[in-house]
Amino acid sequence: MSLDLRELEEDLREETDVCVIGSGGGGAVAAAEIAAGGRSVVVLEQGPHWTAPDFTQREEEMLPRLFEEAGMRQTVDGSVIVLQGRNVGGSTVHNLCYCFRAPEPVLRLWQREFGLGSLTSEALAPSFEQVERNLRVKRIREDEINAMNRVIRAGAEKLGYSGLVAKHNRENCVQSGFCILGCFFGAKQSMLVTYVPRAEQAGARILASARAERIETQGGRVRRVRGHAVGEAGRTGRSFEIGAKVVVLAAGAVASPDLLLRSGIANSSGLVGRNLHLHPQVMLAGIFEESLQPYRGIPQSYVVDEFIDLERDPRSGYYLMPVTGFPTLTAAGLPGFGCDHFRFMKSFDRLAGLLVLLHDQSSGSVRPGASLGSPEIRYALEEGDRRRLARGLVHSAEVLFAGGARRVVVPYWVDPLVLEPGDALGAIEERGIHEGEIAISAAHPQSTCGMGSDPSKSVVNEFGESHDVSGLFVADMSVFPTSLGAPPQITTAALADRTARHILERWPELAA
Amino acid sequence: MTSASPLHATRRGFLRLAATSAALAAVARLPVASALSANGSETVFFSAYEREILTRVVERMVATGAAEAPAVRETRTIEVIDRLCLGLDPEVSGVLPTLLRLVEWGPVLFEFTFTRFSKMSDAEKDASLRAWMTSRIGLRRRAFYALRNLSYLGYYSQEATWALIGYRGPFRLDEEAPA
Numbered sequence: 001m002s003l004d005l006r007e008l009e010e011d012l013r014e015e016t017d018v019c020v021i022g023s024g025g026g027g028a029v030a031a032a033e034i035a036a037g038g039r040s041v042v043v044l045e046q047g048p049h050w051t052a053p054d055f056t057q058r059e060e061e062m063l064p065r066l067f068e069e070a071g072m073r074q075t076v077d078g079s080v081i082v083l084q085g086r087n088v089g090g091s092t093v094h095n096l097c098y099c100f101r102a103p104e105p106v107l108r109l110w111q112r113e114f115g116l117g118s119l120t121s122e123a124l125a126p127s128f129e130q131v132e133r134n135l136r137v138k139r140i141r142e143d144e145i146n147a148m149n150r151v152i153r154a155g156a157e158k159l160g161y162s163g164l165v166a167k168h169n170r171e172n173c174v175q176s177g178f179c180i181l182g183c184f185f186g187a188k189q190s191m192l193v194t195y196v197p198r199a200e201q202a203g204a205r206i207l208a209s210a211r212a213e214r215i216e217t218q219g220g221r222v223r224r225v226r227g228h229a230v231g232e233a234g235r236t237g238r239s240f241e242i243g244a245k246v247v248v249l250a251a252g253a254v255a256s257p258d259l260l261l262r263s264g265i266a267n268s269s270g271l272v273g274r275n276l277h278l279h280p281q282v283m284l285a286g287i288f289e290e291s292l293q294p295y296r297g298i299p300q301s302y303v304v305d306e307f308i309d310l311e312r313d314p315r316s317g318y319y320l321m322p323v324t325g326f327p328t329l330t331a332a333g334l335p336g337f338g339c340d341h342f343r344f345m346k347s348f349d350r351l352a353g354l355l356v357l358l359h360d361q362s363s364g365s366v367r368p369g370a371s372l373g374s375p376e377i378r379y380a381l382e383e384g385d386r387r388r389l390a391r392g393l394v395h396s397a398e399v400l401f402a403g404g405a406r407r408v409v410v411p412y413w414v415d416p417l418v419l420e421p422g423d424a425l426g427a428i429e430e431r432g433i434h435e436g437e438i439a440i441s442a443a444h445p446q447s448t449c450g451m452g453s454d455p456s457k458s459v460v461n462e463f464g465e466s467h468d469v470s471g472l473f474v475a476d477m478s479v480f481p482t483s484l485g486a487p488p489q490i491t492t493a494a495l496a497d498r499t500a501r502h503i504l505e506r507w508p509e510l511a512a
Numbered sequence: 001m002t003s004a005s006p007l008h009a010t011r012r013g014f015l016r017l018a019a020t021s022a023a024l025a026a027v028a029r030l031p032v033a034s035a036l037s038a039n040g041s042e043t044v045f046f047s048a049y050e051r052e053i054l055t056r057v058v059e060r061m062v063a064t065g066a067a068e069a070p071a072v073r074e075t076r077t078i079e080v081i082d083r084l085c086l087g088l089d090p091e092v093s094g095v096l097p098t099l100l101r102l103v104e105w106g107p108v109l110f111e112f113t114f115t116r117f118s119k120m121s122d123a124e125k126d127a128s129l130r131a132w133m134t135s136r137i138g139l140r141r142r143a144f145y146a147l148r149n150l151s152y153l154g155y156y157s158q159e160a161t162w163a164l165i166g167y168r169g170p171f172r173l174d175e176e177a178p179a
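These protein sequence lines map, in sequence, to chains G and H.
Okay, so the first sequence: first residue is 1 according to my numbering, each after it adds one.
Okay, so the second sequence: first residue is 1 according to my numbering, each after it adds one.
These aren't lab readings, by the way, just hints derived from the structure by calculation.
Glycine residues also receive a C-beta, built at the ideal position from the N, C-alpha and C atoms.
One should not assume that every hint holds.
[Stated by the list, open to error] Anything over 12 Å on all C-beta distances counts as not near chain H; from chain G, calculated: (1) Glu69; (2) Gly71; (3) Leu109; (4) Arg136; (5) Pro197; (6) Ala202; (7) Gly219; (8) Gly243; (9) Asn267; (10) Glu429; (11) Lys457.
[As the list claims (entries may be wrong)] Selected chain G positions facing chain H (in silico; Cβ < 10 Å): (12) Gln175; (13) Gly177; (14) Pro327; (15) Thr328.
[Claimed, not checked] Derived lysine to aspartate or glutamate pairs resembling DMTMM-like cross-links, with alpha carbons at most 20 Å apart: (16) G:Lys138 with G:Glu171; (17) G:Lys346 with H:Glu79; (18) G:Lys346 with H:Asp174; (19) G:Lys158 with G:Glu383; (20) G:Lys167 with G:Glu104; (21) G:Lys167 with G:Glu383; (22) G:Lys158 with G:Asp423; (23) G:Lys346 with G:Asp415; (24) G:Lys346 with H:Glu159.
Next up, chain G with everything else stripped away, as it sits in the complex:
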């Protein structure tokens, strides 16, 4: 059952076994599994509960509905746009459905350096399998690869670069291409149409437009969550108070540490909100002779993995991933303004975007901001990561030219590079990557409440439980000890599944 707290006429007080904060890739899974295990569950989601008919395929309507700060959330210095969901289903409603398990070399790094000996592929397999079954994960079919992905694949194969057709979580996809604005056709198997209904069927109550503002403890145990209904323009409504024996915090790697810091709990390590990784991404655009209609069909089906070798180096590398946008998103990523900008924009339907997604060693932090809706996010690229991003752009340009691009635009905000076949690509590395000179975005904030066995070097243990507060668990991308080095949807869900199983197994102790 779902209730939008903006409709409340009086303050709300409830008691439940488990309160889950957040309904995205981690929270929805935890809620569904714990409710299915027989515990009463209340889910708090600060965004509204939109459903497929609300996804109008129009940017001006969907960006404010689905994204934090209408897609304009950014780091304090403005150098990185941070995309995060703000709705029931979280970022899974707008993500592009890449489905990767946690890379084994990264799991081994976590086992070795963070004392997470139980996080093996074998131990996680039941959770991965369960999640993939419920999200209907499958390989994208050849006939589902759109024209933009085809030219990128052709370019990569011509150069002999390693790549793969990815797995995804869509069912009966009609190839609308509007995945990033929510699926009007209900084909995307996001949390909204999988785990959230499953949680509701098992008796969980979904409270939408409910912003958790404080987690309270008593005697070293979690006790209740307080907050307010929140509506448009940050307007607050009635207050709520949810008493719970267990709290599962799954609000994402920005909001989760923000809430812990505001609550003044679970931070004996001093690491809450630290160690932020973003998987930062930069993109360039190839302009082709023929129309590609890049905005139709599955946006990301192919991925170039030539430049990430996690066996050799589990801490760095990058993928090249196709990227598309609708007019506004595309316009925002292109340089200049006025007629200078339009000379690129008029090629909109002939553009193929290719982004470099970095497995970053750079890090940043999250701190409470001046208002509840706007935490302060800081992030700075290290020199090695700058070089890798620049090198990635060179490889991206190679791929696009090999795929038939007539021009490649490297979208530096001022004096963009416009390259033609045969031009020296070293110009990109000479120019380099510097914050504020080129668009950098991030859709995978992570690692701000890291897992580990040592309470002085981590925030939660191998099951996501706080080292400091009994009954407090974290079940989102915050718990990754390092950058994951792969799209995180499946790993986030699998770790949340594992956390839920652990809570059920330990329930008598947790409830005592």
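Assemble the complex: chain G is given as a structure, and chain H must be docked to it using the hints.
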């Protein structure tokens, strides 16, 4: 971030902006110029005065040089921006009205000319906006991109602009599949 980062606003930069803000307080009290008086405003977030400045900014941001491009004033571009800003957290949107006044008086405050933005020729307006885009003060550049991206959101949401860029709009089940 390295000290070479152009976004790393210097202390001097902040002081200049703070000084500008003080000047803005005075600017905000200036009488609205007759050329910028209410003109059939349908905006709620922006006042008629701010709406007119915004319109003139958007006109230059989305200039195409193409005769067939719809004029900003013939579309609902500004209403779309207004609606978006109305729904944003005031922490995010609250600065925009002040920013528009700053753009309007920017040529006087930053470039020491005697002409307000709205009174400038198109080429002069572009030069003024370019000064924002390339400013050494990170906050000025961020302000520029906020206005730029709002302009694109408003303008390219208008169906009349889609043919210009070869965009087919929302997908319909009876649509012919792309090649």
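request  = Against the structure, test the hints numbered earlier, and report the numbers of the ones violated in rising order.
outcome  = Violated hints (numbers, rising): 1, 2, 17, 18, 19 and 21; every other hint is consistent with the structure.
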